[in-house]
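> In the order they appear, the protein sequences are chains D and E.
The first sequence lines up with residues 23 to 459 when you count with the numbering used here.
The second sequence lines up with residues 4 to 285 when you count with the numbering used here.
Hints are supplied without guarantee of correctness; some may be wrong.
Label-pair ranges, simulated between beta-carbon atoms [claimed, not checked]: (1) E:Ser186 - D:Pro196: 49 to 57 Å; (2) E:Ser186 - D:Arg256: 23 to 31 Å; (3) D:Arg359 - E:Val86: 40 to 48 Å; (4) E:Arg200 - D:Ala352: 25 to 33 Å.
Hints listed in this document are in silico derivations from the structure and should not be mistaken for laboratory results.
Even for Gly, the Cβ is constructed at its ideal location relative to N, Cα and C.
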Amino acid sequence: MQRHKTRAGILSAIFMGFGQIYNRQFIKGLMFIAVEAVAIIYFISNLARAFWGITTLGESPSRLEKVKGIAKMVPGDHSIVILIESLITLLFFVLFLIVWYMNIRDAYKIGAERENGRPSHTFTQSLRYILDYKFAQSFLLLPGLGILFFTIMPIIFMIMLAFTNYAAPNHIPPAKLVDWVGFETFRNLLVLKSWSHTFYGVLTWTIIWAVLSTVTTYFGGMLVALLINQKGIRFKGMWRMLLIIPYAIPQMISLLLMRNLFNGQFGPINQYLGFFGLDGLPWLTDPFWAKVTVIVVNMWVGIPVSMLLIMGVLTTIPRDMYEAAEVDGATNYQKFRIVTLPMILFSTAPTLIMQFAGNINNFNAIFLLTGGNPVNGNYQYAGSTDLLVTWLYKLTLDQNKNNMASAIGIILFIIVAGFSLYNYRRTKSFQEEDMIQ
Amino acid sequence: MIIGRKAANFIRLCLSYIVLVALAVAAIYPALWILLASFRPGKSLYSKTLIPETFTLSHYKELFTSPVYMFGTWYANTLKIAVFSMLIGVVLTLLTSYALSRFRFKSRKTTMSTLLILGMFPGFMSMIAIYLLLKEFNLLDTHLALIIVYAAGAPLGGTLIAKGFLDTIPRSLDEAARIDGASNFGIFTRIILPLSRPMITYIALTLFVGPWVDFIFAKLILRTKENWTVAVGMWDMVNTMQNSNFTLFAAGAVLISVPIMILFGFLQRLLVDGLTAGASKG
Chain D
23 MQRHKTRAGI LSAIFMGFGQ IYNRQFIKGL MFIAVEAVAI IYFISNLARA FWGITTLGES
83 PSRLEKVKGI AKMVPGDHSI VILIESLITL LFFVLFLIVW YMNIRDAYKI GAERENGRPS
143 HTFTQSLRYI LDYKFAQSFL LLPGLGILFF TIMPIIFMIM LAFTNYAAPN HIPPAKLVDW
203 VGFETFRNLL VLKSWSHTFY GVLTWTIIWA VLSTVTTYFG GMLVALLINQ KGIRFKGMWR
263 MLLIIPYAIP QMISLLLMRN LFNGQFGPIN QYLGFFGLDG LPWLTDPFWA KVTVIVVNMW
323 VGIPVSMLLI MGVLTTIPRD MYEAAEVDGA TNYQKFRIVT LPMILFSTAP TLIMQFAGNI
383 NNFNAIFLLT GGNPVNGNYQ YAGSTDLLVT WLYKLTLDQN KNNMASAIGI ILFIIVAGFS
443 LYNYRRTKSF QEEDMIQ
Chain E
4 MIIGRKAANF IRLCLSYIVL VALAVAAIYP ALWILLASFR PGKSLYSKTL IPETFTLSHY
64 KELFTSPVYM FGTWYANTLK IAVFSMLIGV VLTLLTSYAL SRFRFKSRKT TMSTLLILGM
124 FPGFMSMIAI YLLLKEFNLL DTHLALIIVY AAGAPLGGTL IAKGFLDTIP RSLDEAARID
184 GASNFGIFTR IILPLSRPMI TYIALTLFVG PWVDFIFAKL ILRTKENWTV AVGMWDMVNT
244 MQNSNFTLFA AGAVLISVPI MILFGFLQRL LVDGLTAGAS KG
């Protein structure tokens with residue numbers, strides 16, 4: 023009885039790739055050895071500092087020192103740079119551990135196969151195996167890496183910030199150090215009167231906004247798509263083209279433009295109302311009307327997207343379903359209710375949820391149109407139309423209250439993600455996705 | 004009261020046309036307004052009439068000749084960034100959505116849920132981290148940085164939509180090809196890709212439009228004026244001049260919007276005429 027699997031496994035655990043070479047898989051072995059060599063060089067110079075950095079967030083603030091009688095500013099540790107550098111190193115380390123584990127498992131598995139009398143794969147055979155059976159995983163590898171570094175890493179970073187005291191005026195590097203403070207920021211946000219009043223107020227408006235803007239654009243888009251797709255409507259292409267125009271104009275432009283159109287004093291909309299002898303409305307300066315305006319303008323921007331999407335879905339609905347319905351004598355409305363609507367909902371449910379989530383975080387619509395204004399005197403750094411997301415923008419970039427902004431971001435994220443995930447798992451396209459065939 | 008089928012149909016169509024005309028006017032009006040403003044002499048935002056009394060091209064000329072606005076350079080930059088991030092982004096999105104739609108593996112549902120959740124994190128909250136990350140790799144103020152970040156983020160936005168679409172392509176087509184000896188990769192390129200042209204178009208368009216619209220992130224990364232994208236340039240124009248030169252802004256807006264609209268014109272047939280409807284039957 024040969025003990026290939028244990029031996030190969032242990033060898034690979036000692037140094038990556040040794041087990042593969044023991045299994046006579048030389049190319050694979052050399053590749054693993056190269057990975058480990060690079061990793062060792064990288065981690066020797068970085069790993070200890072990463073652990074130090076993430077626990078202490080830097081130890082020496084910048085200070086004045088006398089050099090030859092002249093006071094000179096000596097730069098200290100920049101807590102935030104240290105934090106992110108440590109984070110990157112640790113992420114690489116986790117990746118390395120995963121590769122290391124896979125390398126041991128691989129050596130062990132191949133060793134076991136050899137014990138059962140099967141020769142180990144050649145390199146070409148291994149490639150074939152991956153292409154045939156691990157296709158999905160290898161397809162996901164590249165996008166996965168991108169997401170890890172440009173989405174997950176920043177998220178971890180922001181979550182960490184919420185537990186520090188990184189805020190103006192006392193803890194802004196490089197002049198001052200930043201420290202871990204635990205849940206203090208969250209406590210201030212939820213309990214401290216000055217913050218919590220703003221938080222709950224802005225949260226309420228955020229939810230109202232998200233519901234209204236999603237519903238209006240989705241059903242608006244569906245209505246338009248169905249209108250154009252009706253039998254007997256001529257120049258379908260022309261209508262489509264005309265109605266897509268708002269989508270083709272970059273949002274930044276159209277929202278800045280709308281800001282001018284809805285200008286209370288000089289804007290054309292109020293001028294036209296004047297022609298009809300009506301008083302103009304304070305579109306952007308009154309808290310209530312500002313809210314109405316952002317929703318109306320958002321419809322203008324958002325309906326074409328839903329329209330396009332739903333038109334795409336309409337073309338995928340098999341003709342024979344309608345033919346069957348017609349044979350049974352269904353009216354237009356019945357055909358819509360029994361065939362069209364369920365099919366649209368089935369295909370777009372994930373999109374609908376994403377749109378809802380997107381609207382909770384719809385930064386552009388608010389920021390470019392009203393900038394969160396009109397000002398609300400009762401709020402901490404927030405205006406009447408500010409969403410949580412624009413409020414936290416103001417807190418970060420205008421006020422430097424980074425820890426508070428991160429805490430808001432986390433709460434926002436938990437609300438959105440929790441709700442959407444719960445919903446998404448309930449949609450048919452998640453549960454019974456194989457049934458549509 | 005019984006209305007004849009024909010009459011009912013006629014009323015329905017009439018009402019539909021009225022609604023469509025109203026919607027079309029609402030859709031076009033702001034676009035028309037900004038287009039006409041761009042030809043209006045002077046700088047003011049306010050005008051008595053929609054159609055200007057005299058037309059001028061001076062604002063367009065100024066955009067390209069003025070030493071203050073490097074509109075041509077910004078334009079080329081944006082085009083480059085948009086094209087590359089679109090190409091890479093589409094490939095990445097297709098990879099993930101194909102894998103998630105057609106293969107059943109252990110962590111599949113977790114992956115889907117993770118994608119959904121990650122897509123909800125307030126985007127610019129991660130900007131500070133990405134900024135520092137790019138600084139680490141010496142990529143600040145480069146277009147490559149923007150391309151990488153836009154492309155890497157593409158699967159988050161598009162995968163679930165694309166997957167929903169791929170799910171509607173009948174599995175029987177794959178299976179038939181597999182019986183004929185096609186490999187996974189062969190099925191992907193020969194069957195899935197041609198059939199998902201409408202979806203690819205949709206995703207490509209959204210990814211192309213993204214860099215044109217985005218100014219917060221581009222503004223953060225691109226520091227020197229000659230590296231700016233049009234969005235950053237236009238934002239700067241509005242912000243520094245407080246709308247005092249509205250007609251110039253209008254001209255820039257037209258120049259940004261027109262190519263995207265032309266693109267739409269060419270691609271909208273593809274967008275809408277799904278090729279999948281009859282594929283299974285044929």
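> Give a verdict on every hint.
Taking the hints in turn, this is what the structure says about them:
1. Look at E:Ser186 against D:Pro196: about 55 Å separates their beta carbons, and that is inside 49 to 57 Å.
2. Separation of E:Ser186 from D:Arg256 is about 47 Å and departs from the stated range, judged on CB atoms against 23 to 31 Å.
3. For the pair D:Arg359 and E:Val86, the beta carbons lie near 43 Å from each other, so the given range of 40 to 48 Å is met.
4. A beta carbon spacing of about 32 Å between E:Arg200 and D:Ala352 agrees with the range 25 to 33 Å that was offered as a hint.
Hint 2 from the earlier list is the only one contradicted by this structure; the remaining hints agree with it.
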